[in-house]
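Trainee: Listed below, chain by chain, are the residues.
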Amino acid sequence: MSDKVLLDYGSGGRASQRLISDLFLKYLGNDELDRLNDAAVLNLSGRIAMSTDSFTVDPIFFPGGDIGSLAVHGTVNDVAMMGAVPRYITCGYIIEEGLPMADLERIVQSMGEAARHAGVKVVTGDTKVVPKGACDKIFINTTGIGEIIADPTPSGDAARVGDAVLVSGTMGDHGLTVLGTREGLDFEAKVQSDSAALNHLLVKLVRELPEVHVLRDPTRGGLATTLNEITKSSNVCCELTETSIPVRPEVKGGCSILGLDPLYLANEGKFICILPGEYADKALEIMRADPLGQDACRIGTMTDANPGKVVLVTQLGGKRLLGMLEGEQLPRIC
Amino acid sequence: MSFELLEKFRDPALCRKILDKMESELDRELRFMEVCGTHTVAIFQSGLRSLLPEKIVHLSGPGCPVCVTHESEVNAFLDLAGHENVILATFGDLMRVPGDKGRNLKKAVADGARVKVVYSPFDTLKLAKENPGDLVVFIGVGFETTAPTIAATMKMAREQGIDNLRILCFHKTVPTALDALLSDEAINIDGFILPGHVSAIIGVEPYNFIAEDYAKSAVVTGFEPLDILQSLNQMIEWRNKGEAHVANNYTRIVGEHGNPKALEIMYEVFEPCDALWRGLGLIPSSGLEIRPEWESFDAKKQFGIEIKESPALPGCKCGDILKGVKQPDQCPLFGKACTPANPVGPCMVSTEGSCAAYYKYKLD
Numbered sequence: 001m002s003d004k005v006l007l008d009y010g011s012g013g014r015a016s017q018r019l020i021s022d023l024f025l026k027y028l029g030n031d032e033l034d035r036l037n038d039a040a041v042l043n044l045s046g047r048i049a050m051s052t053d054s055f056t057v058d059p060i061f062f063p064g065g066d067i068g069s070l071a072v073h074g075t076v077n078d079v080a081m082m083g084a085v086p087r088y089i090t091c092g093y094i095i096e097e098g099l100p101m102a103d104l105e106r107i108v109q110s111m112g113e114a115a116r117h118a119g120v121k122v123v124t125g126d127t128k129v130v131p132k133g134a135c136d137k138i139f140i141n142t143t144g145i146g147e148i149i150a151d152p153t154p155s156g157d158a159a160r161v162g163d164a165v166l167v168s169g170t171m172g173d174h175g176l177t178v179l180g181t182r183e184g185l186d187f188e189a190k191v192q193s194d195s196a197a198l199n200h201l202l203v204k205l206v207r208e209l210p211e212v213h214v215l216r217d218p219t220r221g222g223l224a225t226t227l228n229e230i231t232k233s234s235n236v237c238c239e240l241t242e243t244s245i246p247v248r249p250e251v252k253g254g255c256s257i258l259g260l261d262p263l264y265l266a267n268e269g270k271f272i273c274i275l276p277g278e279y280a281d282k283a284l285e286i287m288r289a290d291p292l293g294q295d296a297c298r299i300g301t302m303t304d305a306n307p308g309k310v311v312l313v314t315q316l317g318g319k320r321l322l323g324m325l326e327g328e329q330l331p332r333i334c
Numbered sequence: 001m002s003f004e005l006l007e008k009f010r011d012p013a014l015c016r017k018i019l020d021k022m023e024s025e026l027d028r029e030l031r032f033m034e035v036c037g038t039h040t041v042a043i044f045q046s047g048l049r050s051l052l053p054e055k056i057v058h059l060s061g062p063g064c065p066v067c068v069t070h071e072s073e074v075n076a077f078l079d080l081a082g083h084e085n086v087i088l089a090t091f092g093d094l095m096r097v098p099g100d101k102g103r104n105l106k107k108a109v110a111d112g113a114r115v116k117v118v119y120s121p122f123d124t125l126k127l128a129k130e131n132p133g134d135l136v137v138f139i140g141v142g143f144e145t146t147a148p149t150i151a152a153t154m155k156m157a158r159e160q161g162i163d164n165l166r167i168l169c170f171h172k173t174v175p176t177a178l179d180a181l182l183s184d185e186a187i188n189i190d191g192f193i194l195p196g197h198v199s200a201i202i203g204v205e206p207y208n209f210i211a212e213d214y215a216k217s218a219v220v221t222g223f224e225p226l227d228i229l230q231s232l233n234q235m236i237e238w239r240n241k242g243e244a245h246v247a248n249n250y251t252r253i254v255g256e257h258g259n260p261k262a263l264e265i266m267y268e269v270f271e272p273c274d275a276l277w278r279g280l281g282l283i284p285s286s287g288l289e290i291r292p293e294w295e296s297f298d299a300k301k302q303f304g305i306e307i308k309e310s311p312a313l314p315g316c317k318c319g320d321i322l323k324g325v326k327q328p329d330q331c332p333l334f335g336k337a338c339t340p341a342n343p344v345g346p347c348m349v350s351t352e353g354s355c356a357a358y359y360k361y362k363l364d
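Residue numbers (the UniProt record's numbering), protein chains in the order written: chain A, 1 to 334; chain B, 1 to 364.
Treat each hint with caution, since some may be false.
To spell it out: a stretch of chain B is covered by chain A in this simulated footprint if at least three of its residues, at any positions, have a beta carbon under 8 angstroms from a beta carbon of chain A; those stretches are [to be verified]:
#1 8-16
#2 38-49
#3 173-182
Here are the simulated DSSO-like pairs of lysine-lysine, each with C-alpha atoms no more than 27 angstroms apart in a straight line [as the list claims (entries may be wrong)]:
#4 K190(A) with K116(B)
#5 K106(B) with K132(A)
#6 K129(B) with K252(A)
#7 K319(A) with K17(B)
#8 K137(A) with K107(B)
#9 K21(B) with K8(B)
#10 K336(B) with K232(A)
#11 K132(A) with K129(B)
#12 K319(A) with K129(B)
#13 K309(A) with K362(B)
Since the hints were made in silico from the structure, they are not lab data.
Heads up, the beta-carbon is just placed ideally off N, CA and C, and yes, glycines get one too.
Bound-form chain A, shown alone (with noise of 0.2 angstroms):
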């Protein structure tokens, strides 16, 4: 294969079938894949959580992951919020011509890696090459299909007053990486991307648990945005406590340079658990049992107090409210 994407490897032509076979096949194939149908059959049963996504992270590579194990990891995140196993994914290439044959093979292995770690199968996927800057390097969208284990199944208008709130872990980590490294800022401690896949983790804990009200992964609008969300739409008052919430010093220290605030920035890596507050402890223990829940806490509990509202008690013990973010965070002048 050539050293650069042509325009020849998206003609549907035999350099369109080498590059199947000799790039996806290799790190993506499996049973169903290598047929090479124009559908793939799949073995379902039940009730059954699909969701798609799209990923166009500028730079394709950041600290933590790639753009690859990216677009597992958000799709496959998305499906287990609602209580399932995923099963499968589907993937969809478009790819600028002239993107190095490198970075595609780079981003190929990282995205069958991410999938077998998370046990799920690319059972079909597409490739377009588009003419140069008719896409930025390569954007890649993702379905995943998977089966509903929890009952009842969690869902953002559930949350009911007096449940607790809790996060698996550290906020802004992904955003504030992705967003430093495209500038090329140099913070004085690295932050890494917590890019991962979560199905495991979330599947243990509705397995264990008789009843989880809502799951939700805090990804673009972060934190604040996300508990808006759930707010609104189960028409309570989530009050959280500030010093309760994690956030890596190295995070605050970036977004202290930056004037961003960290509970707006992206996660990958993370999601929020609401659920009664008897079973909080019970949660905690499951998540915190897994390197990806180590760091999980209790940050609050939902109450009758302003309903659709997120209110935040600060470290001196005032209040204040913690609104939807309003497009996306920009850097201050001073």
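Position chain B against the provided structure of chain A, taking the given hints into account.
Mentor: The following block gives chain B in isolation, referenced to the frame of chain A:
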């Protein structure tokens, strides 16, 4: 400064002690204005706003650089966006600032304008080198905090022979605005929390007129809760003794004479000029313009840009809010016609504006 040390300035028990002391010493309502938008946000973010004694009226002044950028200045940079062979470079805060006809830089980018958000004015040097066929125009807004870095960037550009960098200079200076506020008899302010970042450059001396000419107190203050509480408490004590002083409560960052090197660079490149402030109008000698010997960098001259007074926005009370005459929620547009998603006036535009802070953080 290490985070461990910073945490000491957030000690809840010490804050409570000062809050209780303030409560016991206040016998009437006192009106304190924090000049700087970062203080406004710090007061809300830390929850101090909900803990301060009711007798303290907290006002937000004209120290948010985005808020005071005049509408004709905004229209000037929006006119330049999309100009052939122009790459606009800006800090992120200006991207959403609305000009006339609902324009803003975000929409300009969607229409094809080349706009680059930079983290430091020095980033414009690289941008200019990488685009030799284009003019890189940096939007120079802000106070004494940012002006020296922009001056240093211009000096470096000259040293490196970069001739395609221009500065659209809209810089303003803080003490002159405070003088204008205090000379307005309609304004009732008992004391000022003075900006930490600006003071790190200019020092404390330029504020002495506040006590000498107007018998009001003012304290240069850091951005942590204890910094702010200590300054408020100091001003209450002085007021109870019938005294007025200007003091520096942020000595870990601000020297008495500021940063002489930064001031020298700033005044080597810029000189004082009259400036239009959004919501406040024309304030003599309150702006900075590029000196004639540096005019090859001057985007205003190159593009023939004139900054003109314009009629106030109907219904908008931002002028009164920036002067401390009205609180944000006393504006009829607040939270209705004017929101962060669709700002009408300058105080709702910036994340550091007082209306935006009220909207974002105020619980009741």
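Trainee: The structure should be examined with respect to each hint, and the outcome stated for every one.
Mentor: Hints and how they fare:
no.	hint	verdict
1	8-16	holds (count 4)
2	38-49	holds (count 7)
3	173-182	violated (count 0)
4	K190(A) with K116(B)	holds, 25 angstroms
5	K106(B) with K132(A)	holds, 24 angstroms
6	K129(B) with K252(A)	violated, 33 angstroms
7	K319(A) with K17(B)	holds, 18 angstroms
8	K137(A) with K107(B)	holds, 24 angstroms
9	K21(B) with K8(B)	holds, 19 angstroms
10	K336(B) with K232(A)	holds, 19 angstroms
11	K132(A) with K129(B)	holds, 23 angstroms
12	K319(A) with K129(B)	violated, 49 angstroms
13	K309(A) with K362(B)	holds, 12 angstroms
The structure fails hints 3, 6 and 12 (numbered hints given earlier, in ascending order).
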